[in-house]
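Q: Sequence:
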Amino acid sequence: MKPASNLLPALLAIFFAFSAQATAATGALTSATGWQAKRAFPIEWDPIAPSQPTEAVYRIWDSQDQLVLGFHRPFSERLKDVEVPAVPDVYTLEAWLENSADEAGPPSFATLRFDDTVPSPPGLDSPPGWILGTQPAAVQIAAAPDPLPLSGFEGFAVSVDRGSDGFPCAQTDICRADEIDLAGYEGGTVALGTLPEGIHFVRVAAVSGAGVPSEVTTAAVRIDGSAPALSLAAPAGWSNRPVLVTAHAADPLSGMAAAGPLGPFTAIAVDGAAPARTLGDAASAWVTGSGAHAVEYFARDLAGNLSDTAGSIVRIDEDPPRASFAASQDPAEPERIEATVGDPLSGPSPDRGSIAIRPAGTGLSFEPLPTRNAGDRLVAHWDSDSYPPGKYEFLATAFDLAGNTGAGTNRDRGGRMVLVNPLKAQVGLEIKLSGRRLNGRLWRVGGGPVAGRDVTITETFAPGSRPRQRTTVVGTDNAGAFSLRLRQGPSRDVVARFAGTALLTRATGDAAHLAAATKVQLRASATTARVGGKPVVFSGKVAHRGAATVGGLPVELQFRFRGGAWSEFRTVETNARGRFRYRYRFSDDDSRGVSFQFRAQIKGREGWPYGPGTSRPVKVTGR
Numbered sequence: 010m011k012p013a014s015n016l017l018p019a020l021l022a023i024f025f026a027f028s029a030q031a032t033a034a035t036g037a038l039t040s041a042t043g044w045q046a047k048r049a050f051p052i053e054w055d056p057i058a059p060s061q062p063t064e065a066v067y068r069i070w071d072s073q074d075q076l077v078l079g080f081h082r083p084f085s086e087r088l089k090d091v092e093v094p095a096v097p098d099v100y101t102l103e104a105w106l107e108n109s110a111d112e113a114g115p116p117s118f119a120t121l122r123f124d125d126t127v128p129s130p131p132g133l134d135s136p137p138g139w140i141l142g143t144q145p146a147a148v149q150i151a152a153a154p155d156p157l158p159l160s161g162f163e164g165f166a167v168s169v170d171r172g173s174d175g176f177p178c179a180q181t182d183i184c185r186a187d188e189i190d191l192a193g194y195e196g197g198t199v200a201l202g203t204l205p206e207g208i209h210f211v212r213v214a215a216v217s218g219a220g221v222p223s224e225v226t227t228a229a230v231r232i233d234g235s236a237p238a239l240s241l242a243a244p245a246g247w248s249n250r251p252v253l254v255t256a257h258a259a260d261p262l263s264g265m266a267a268a269g270p271l272g273p274f275t276a277i278a279v280d281g282a283a284p285a286r287t288l289g290d291a292a293s294a295w296v297t298g299s300g301a302h303a304v305e306y307f308a309r310d311l312a313g314n315l316s317d318t319a320g321s322i323v324r325i326d327e328d329p330p331r332a333s334f335a336a337s338q339d340p341a342e343p344e345r346i347e348a349t350v351g352d353p354l355s356g357p358s359p360d361r362g363s364i365a366i367r368p369a370g371t372g373l374s375f376e377p378l379p380t381r382n383a384g385d386r387l388v389a390h391w392d393s394d395s396y397p398p399g400k401y402e403f404l405a406t407a408f409d410l411a412g413n414t415g416a417g418t419n420r421d422r423g424g425r426m427v428l429v430n431p432l433k434a435q436v437g438l439e440i441k442l443s444g445r446r447l448n449g450r451l452w453r454v455g456g457g458p459v460a461g462r463d464v465t466i467t468e469t470f471a472p473g474s475r476p477r478q479r480t481t482v483v484g485t486d487n488a489g490a491f492s493l494r495l496r497q498g499p500s501r502d503v504v505a506r507f508a509g510t511a512l513l514t515r516a517t518g519d520a521a522h523l524a525a526a527t528k529v530q531l532r533a534s535a536t537t538a539r540v541g542g543k544p545v546v547f548s549g550k551v552a553h554r555g556a557a558t559v560g561g562l563p564v565e566l567q568f569r570f571r572g573g574a575w576s577e578f579r580t581v582e583t584n585a586r587g588r589f590r591y592r593y594r595f596s597d598d599d600s601r602g603v604s605f606q607f608r609a610q611i612k613g614r615e616g617w618p619y620g621p622g623t624s625r626p627v628k629v630t631g632r
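Count along the sequence shown from 1, add 9, and you get the number used in my numbering.
To be clear, the hints were calculated from the coordinates, so they are not data collected in a lab. Among the hints, erroneous ones may be present.
Stated by the list, open to error - Per label pair, the in silico range of CB-to-CB distance: (1) A383 - D486: 20 to 28 Å; (2) G457 - G384: 38 to 46 Å; (3) T469 - R532: 30 to 38 Å; (4) G412 - D486: 55 to 63 Å; (5) E195 - V96: 25 to 33 Å; (6) E327 - G457: 57 to 65 Å; (7) G370 - S337: 15 to 23 Å; (8) A266 - E327: 31 to 39 Å; (9) G457 - K628: 56 to 64 Å; (10) R361 - N448: 49 to 57 Å; (11) Q180 - F118: 31 to 39 Å; (12) G202 - D90: 43 to 51 Å.
A quick note: this is a predicted structure, and the numbers were derived from the prediction, not measured. Heads up, the beta-carbon is just placed ideally off N, CA and C, and yes, glycines get one too.
The task is simple: from the sequences and hints, build the whole structure.
A: As structure tokens, then:
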């Protein structure tokens, strides 16, 4: 057994030696091989361990081989990452394991490249002014920033947007490799291609070898792909004088503000003449002479967009219209006054023009007649019946669409437009009243009867009537006669009128008056009355057809005996229905055997539309 006990240590020594050789062959300390801007470096370490290691020892050396950091960690708490000093440099990490007997395993080494230096912002020049929408855009980026960071220059991160704020990388403190658009670019022209219309912002950041971006440099790129919008300030329709027309151009992007000979301009031309160019957004020209004139205009904006040529027509008519009356009157309508209006350019106005009249040779002002437009004619009606006999001259005033005015006093075939009044055959009219029967006659003065014509009979009733007026139309027979039986009712004036025709004058007959007496009824309650006995009741009613009111009408009660005169013994008033009532007692002994007559008399009052009236007497004998 002893020999056996001496063999075990030798076998263990051989085993550990073999294990150490295997570890030395595979153990390593590794970290990121490139530059990074963070001080903490992740490490992976498969150390060669001494027997029974107790702790890990770490040392960091700078590029001058100066020890800058050293620290220990328990073997079980070996570091997953190491933090270098804040100074950019290429550091060397040395690490090994030790046991409690201060026996050390072989060291391992790793290179840690740290640089958080922010590069200088790049120079960036945007294209001056505006770029046409069809042209590619480009910017100028200056060379790599100077001085270069320790990690060197990786390239430029670039973004293009429409806003006023942004950053080319997802984070503002670091740029990933796939976010560097111009890797290793040393500066120069960067083509952006054709961009949509509007203002674009190009943002560029210089990126160090450690991925640290500089402050962003921004340049604006202005794209205008639309031509200016055009409008023309000119009168609509026709003008009766020279016209100043002005072409206006507007552009919402590059604009139309004057900027010298190569900047924006507006041009205008009249009737094919050479265009007149004006720097800026407006150009004007005079259009003169009667006729239709072609106006053309175009413009260029600041970006260089040239509009298509726009065209318009300006119409000028400086000559007045002509007006002349018809060669003769229409025999069927002698009161129709007609004038023709002629204008070869703008044409007659459809809503202006007039015909006027005055006594011939007087020099008085012309009096306008009711006139209507009928295309190229003015048509007026002269109510000749309303004018005294004599000669009358006429004036036609015409307008064209341009606003020119012309006047004429002659007929188409020459000679002044003069008419002698009366133009139509004169008519006479008369009426007569026989009771309520009205008879009348209509005839031509110096001629025969006027048959088959309407005559209007107007009854105007006395104040207090309802209605106040009534109109009835009757026709004439072959002898020109007409007749009408008037209805019962209040007193009235009666007038007959003939309205006239295109060939016959108007006529009005003399007024006739129909006086209507008040109708009143009276009755007594008895034909005999005992003296001192029961009273006799007198009652009655007043007819009030056509009267507005009958209440309050005074009624005089009168009596007489044979051979005596009528005497009033009482006045009463009617009620709202026209009735009245009075109780009378015989008290005088002298009345015995005497036969009396009683009646009711109405003399009227203001607002009563009938004349005086008296009832038939009633007889009462005293006893």
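Q: Decide, hint by hint, whether the structure agrees.
A: Here is what the structure says about each hint:
| no. | hint | result |
| --- | --- | --- |
| 1 | A383 - D486: 20 to 28 Å | violated, 39 Å |
| 2 | G457 - G384: 38 to 46 Å | holds, 41 Å |
| 3 | T469 - R532: 30 to 38 Å | holds, 35 Å |
| 4 | G412 - D486: 55 to 63 Å | holds, 57 Å |
| 5 | E195 - V96: 25 to 33 Å | holds, 28 Å |
| 6 | E327 - G457: 57 to 65 Å | holds, 58 Å |
| 7 | G370 - S337: 15 to 23 Å | holds, 21 Å |
| 8 | A266 - E327: 31 to 39 Å | holds, 38 Å |
| 9 | G457 - K628: 56 to 64 Å | holds, 59 Å |
| 10 | R361 - N448: 49 to 57 Å | holds, 51 Å |
| 11 | Q180 - F118: 31 to 39 Å | holds, 32 Å |
| 12 | G202 - D90: 43 to 51 Å | holds, 44 Å |
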